[in-house]
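J.: Sequence:
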Amino acid sequence: MYSSNITERAKKNFYESFGRTEERVDDDVNTIKEWMKSQPHLPELIENVKIKNFLNLNKFSLEKTKEKIDMYYTIRSIIPEFFQESNPKSELIQRVFREMYLAVFPVPVDDHSRVYLAKGKHMGSTNPPELTSLWYDVYEVRLYEDFMVDDILVFDVSTFTVNDTKKLTPIFLSKFFNIYKKVYSIRMKKMICINCPTFFSVVGTVIKTVLPAKLFDRVEFCPDDSALKKLLPKEVLPKDYGGEGPSLEEMNEKLKMKLSEYQERFDKLDTLRVDEKLRPEKLNNDEVLGYYGSFRQISVD
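For the sequence shown, this note's numbering gives the first residue as 11, with consecutive numbering after it.
Note that these hints are calculated values from the structure, not bench results.
Be careful, since some hints might not be right.
Claimed, not checked - Keeping only pairs whose Cα atoms sit at most 30 Å apart, straight-line, the calculated DSS-like set for lysine-lysine is: (1) Lys268 <-> Lys60; (2) Lys74 <-> Lys21; (3) Lys69 <-> Lys292; (4) Lys224 <-> Lys249; (5) Lys191 <-> Lys69; (6) Lys240 <-> Lys218; (7) Lys21 <-> Lys131; (8) Lys78 <-> Lys239; (9) Lys131 <-> Lys292; (10) Lys21 <-> Lys62.
Claimed, not checked - Label-pair restraints from in silico Cβ distances: (11) Lys244 <-> Lys292: 47 to 57 Å; (12) His132 <-> Lys47: 44 to 54 Å; (13) Val172 <-> Thr281: 22 to 32 Å; (14) Ser257 <-> Ala20: 25 to 35 Å; (15) His132 <-> Lys292: 39 to 49 Å; (16) Thr281 <-> Pro233: 41 to 51 Å; (17) Glu33 <-> Ser168: 40 to 50 Å; (18) Lys74 <-> Asp36: 42 to 52 Å; (19) Leu55 <-> Thr215: 25 to 35 Å; (20) Ser87 <-> Glu271: 18 to 28 Å; (21) Glu57 <-> Lys131: 28 to 38 Å; (22) Thr281 <-> Thr215: 15 to 25 Å.
Don't be surprised by glycine CBs; every beta carbon is placed ideally from N, CA and C.
Whole structure, please, built from the sequences with the hints as guidance.
T.: Set out below in structure tokens:
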């Protein structure tokens, strides 16, 4: 669904930028697998393709990759509200599909940047915390199918109401961006909010308090959809915005079908938890995630 649209040349160029070859990456994968075997608290040994993506996202730092793989499992206990109802067959995820669009474009921008587009289907239907649960389901699929490097996040807030903005609290945004950065290590290349009503400026103020200046500089607020049309070629741009690509509804249905292909995996994820009694070294949550106490400001690549 995803990786097939990233060229072998783009993959090779990415590896070479970090002094890696396919063979060296395979060696790194084996090193991580041997480490996982020595960690009795981890509930499973993950597949090579997922390890490769964790290596990509952590710029081939073995220590950071180990940390993020550990947190991939541990986070489900630390912040359960984003994961306890994230199974695609749950009522919460079914409700998200009824009330919101989440489009993940198969064709990358600039060789490897994956574009997301989220939008409420009607006025007042946007629920960011619930959408986040679906968002992380997509990451699970991408760990298997994508060549993960960085993301471009697009939010069409034309259906946002003043009440919806109240759901974008500093606590929620801190959790979202910290998991995004400190668990998955995904680099946010750009975040674009399109069709912004005037009252949405308050959200920009909140985001600015959460993100460091360098990362906030990657956030763009647009009163119309021109930024999206500039980002995506017409053949990819959804019909909803005057393009020739599939509609948001069609993309939603494709995503729903894709998640159903991984139903067995999501059922298993519901049962996977770290066994803290077996952890060789105590996890310092504040250092890894900044969860206990106040969130620390997010670092920038």
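J.: State for each hint whether it applies.
T.: Outcome of the hint check:
1. Lys268 <-> Lys60: Holds - the C-alpha atoms of Lys60 and Lys268 are around 17 Å apart, at most 30 Å.
2. Lys74 <-> Lys21: Measuring from Cα to Cα gives roughly 21 Å; hence the hint holds.
3. Lys69 <-> Lys292: holds (25 Å)
4. Lys224 <-> Lys249: violated (34 Å)
5. Lys191 <-> Lys69: Within the cut-off at roughly 13 Å; holds.
6. Lys240 <-> Lys218: Holds, at roughly 24 Å.
7. Lys21 <-> Lys131: Violated - the C-alpha atoms of Lys131 and Lys21 are around 36 Å apart, more than 30 Å.
8. Lys78 <-> Lys239: With Cα atoms ~35 Å apart, Lys78 and Lys239 exceed 30 Å; violated.
9. Lys131 <-> Lys292: violated (44 Å)
10. Lys21 <-> Lys62: holds (12 Å)
11. Lys244 <-> Lys292: 47 to 57 Å: holds (54 Å)
12. His132 <-> Lys47: 44 to 54 Å: holds (50 Å)
13. Val172 <-> Thr281: 22 to 32 Å: With a Cβ separation near 40 Å, Val172 and Thr281 fall outside 22 to 32 Å, so the hint is violated.
14. Ser257 <-> Ala20: 25 to 35 Å: holds (28 Å)
15. His132 <-> Lys292: 39 to 49 Å: 48 Å Cβ-Cβ, so the 39 to 49 Å window holds.
16. Thr281 <-> Pro233: 41 to 51 Å: Given about 46 Å between the Cβ atoms, the range holds.
17. Glu33 <-> Ser168: 40 to 50 Å: holds (49 Å)
18. Lys74 <-> Asp36: 42 to 52 Å: 19 Å Cβ-Cβ, so the 42 to 52 Å window is violated.
19. Leu55 <-> Thr215: 25 to 35 Å: Since Leu55 and Thr215 have Cβ atoms about 45 Å apart, the given range 25 to 35 Å is violated.
20. Ser87 <-> Glu271: 18 to 28 Å: Given range 18 to 28 Å: holds, Cβ gap about 27 Å.
21. Glu57 <-> Lys131: 28 to 38 Å: holds (35 Å)
22. Thr281 <-> Thr215: 15 to 25 Å: violated (41 Å)
In the structure shown, a violation is registered for the earlier hints numbered 4, 7, 8, 9, 13, 18, 19 and 22, in ascending order.
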